[in-house]
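Colleague: Working from the sequences, and respecting the hints, build out all of it.
Start counting the sequence shown at 1; every next residue gets the next number (this note's numbering).
Among the hints, erroneous ones may be present.
As the list claims (entries may be wrong) - Each pair of labels, with its calculated beta carbon distance range:
| # | residue 1 | residue 2 | range |
| --- | --- | --- | --- |
| 1 | Val46 | Ile79 | 16 to 24 Å |
| 2 | Cys88 | Val50 | 56 to 64 Å |
| 3 | Ala32 | Glu83 | 36 to 44 Å |
As the list claims (entries may be wrong) - Pairs of lysine to any residue residues, derived as SDA-like cross-links and limited to a Cα-Cα distance of at most 25 Å, are as follows:
| # | residue 1 | residue 2 |
| --- | --- | --- |
| 4 | Lys64 | Ala82 |
| 5 | Lys64 | Glu26 |
| 6 | Lys64 | Leu7 |
| 7 | Lys64 | Val49 |
| 8 | Lys64 | Ala76 |
| 9 | Lys64 | Ser42 |
| 10 | Lys64 | Asp74 |
| 11 | Lys64 | Ile79 |
| 12 | Lys64 | Thr53 |
| 13 | Lys64 | Val80 |
| 14 | Lys64 | Val50 |
| 15 | Lys64 | Val54 |
| 16 | Lys64 | Leu13 |
| 17 | Lys64 | Arg81 |
| 18 | Lys64 | Ala40 |
| 19 | Lys64 | Ser5 |
| 20 | Lys64 | Glu77 |
| 21 | Lys64 | Arg51 |
| 22 | Lys64 | Asp85 |
| 23 | Lys64 | Leu8 |
| 24 | Lys64 | Cys3 |
| 25 | Lys64 | Thr15 |
| 26 | Lys64 | Glu83 |
| 27 | Lys64 | Glu52 |
| 28 | Lys64 | Ile27 |
| 29 | Lys64 | Thr103 |
In short, the hints are calculated from the structure, not lab data. In this text the structure is predicted, and so the values were computed from the model without any measurement. A virtual CB, placed ideally from N, CA and C, is assigned to each residue, including glycine.
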Amino acid sequence: MNCSSRLLCVLYLATSAGLAWVTVQEIRYGPAWAACMFAAASLVPVIAVVRETVIGEQDELLRKSSAPAARGGDAAEAIVRAELDAACCERWWTSLGSEHDLTCRHRSPHRSSAA
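Modeller: So, in structure tokens, the structure goes:
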């Protein structure tokens, strides 16, 4: 994890702590709906911290690997590139994963129950 990621994590955690404090104040003195909203909002920065740490770990793994695609880009770009390379055929993309092209290696023959 680099310096900017650590700074973002600190800012996220400070924001989450502030929202948690406001949640407690709303529970004590305010309406219940506002307390629920602040409680939900205080979880969002925690999710962002988890995301930053996962991307940081993946970035470190990519830097250690000898893959040529991983050398020139960041972790998110390499992950997207790997997913697109592992994707199936064009029809699979356009049919939301329900059909394959006739030449696709992942195609399974359709079995009909019609007699």
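Colleague: Compare the structure with each hint and give your call.
Modeller: Going through the hints against the structure:
Between Val46 and Ile79 the C-beta distance comes to about 22 Å, which sits within the given range of 16 to 24 Å. In this structure, Cys88 and Val50 break the distance hint of 56 to 64 Å, their C-beta atoms being roughly 29 Å apart. Evaluation of the 36 to 44 Å hint for Ala32 and Glu83 yields a pass: the beta carbon distance comes to about 42 Å. Of the pairs offered as hints, the one joining Lys64 and Ala82 holds, with about 16 Å between alpha carbons and a cut-off of 25 Å not exceeded.
Pair hint Lys64 plus Glu26 does not hold up; C-alpha atoms about 47 Å apart against a cutoff of 25 Å. With a C-alpha separation of about 23 Å, the suggested pairing of Lys64 with Leu7 holds against the 25 Å cut-off. Taking the CA atoms of Lys64 and Val49, the gap is about 23 Å. The hint holds against a cut of 25 Å. At roughly 15 Å between alpha-carbon atoms, Lys64 and Ala76 fall within 25 Å of each other, so this suggested pair holds.
At roughly 35 Å between alpha-carbon atoms, Lys64 and Ser42 are farther apart than 25 Å, so this suggested pair is violated. Straight-line distance between C-alpha atoms of Lys64 and Asp74 comes to about 13 Å, which keeps the hinted pair within the 25 Å bound. For the proposed pair Lys64 and Ile79, the alpha carbon gap of about 15 Å is at most 25 Å, so the pair holds. Between the alpha carbons of Lys64 and Thr53 the distance comes to roughly 17 Å, so the proposed pair stays at or under 25 Å and holds.
Distance hint between Lys64 and Val80 is fulfilled; the C-alpha atoms sit about 18 Å from each other, no more than 25 Å. For the suggested pair Lys64 and Val50, the alpha carbons sit about 21 Å apart, so the restraint of at most 25 Å is met. For a cut-off of 25 Å, the pair hint linking Lys64 to Val54 stands: about 16 Å separates their Cα positions. About 29 Å separates the Cα atoms of Lys64 and Leu13, which puts this hinted pair outside 25 Å; it is violated.
For the proposed pair Lys64 and Arg81, the alpha carbon gap of about 18 Å is at most 25 Å, so the pair holds. Among the hinted pairs, Lys64 with Ala40 is inconsistent with the structure: their alpha-carbon atoms are about 37 Å apart, more than 25 Å. Taking the CA atoms of Lys64 and Ser5, the gap is about 19 Å. The hint holds against a cut of 25 Å. The straight-line distance between the Cα atoms of Lys64 and Glu77 is roughly 16 Å, inside the 25 Å bound, and the hint therefore holds.
Simply put, Lys64 and Arg51 have alpha-carbon atoms about 20 Å apart, close enough for the 25 Å limit, and the pair holds. Straight-line distance between C-alpha atoms of Lys64 and Asp85 comes to about 21 Å, which keeps the hinted pair within the 25 Å bound. Among the hinted pairs, Lys64 with Leu8 is consistent with the structure: their alpha-carbon atoms are about 24 Å apart, no more than 25 Å. About 19 Å separates the Cα atoms of Lys64 and Cys3, which keeps this hinted pair within 25 Å; it holds.
For the hint pairing Lys64 with Thr15, the CA-to-CA distance comes to about 33 Å; that exceeds 25 Å, so the pair is violated. Using a Cα cut-off of 25 Å, the hinted pair Lys64 and Glu83 holds, with the two alpha carbons roughly 19 Å apart. With a C-alpha separation of about 18 Å, the suggested pair Lys64 and Glu52 falls inside the 25 Å cut-off, and the hint holds. Restraint check for Lys64 and Ile27: the C-alpha separation of about 48 Å exceeds 25 Å, so the hint is violated.
Taking the CA atoms of Lys64 and Thr103, the gap is near 36 Å; set against the 25 Å cutoff, the hint is violated.
Hint check: violations occur at hints 2, 5, 9, 16, 18, 25, 28, 29; the rest are consistent with the structure.
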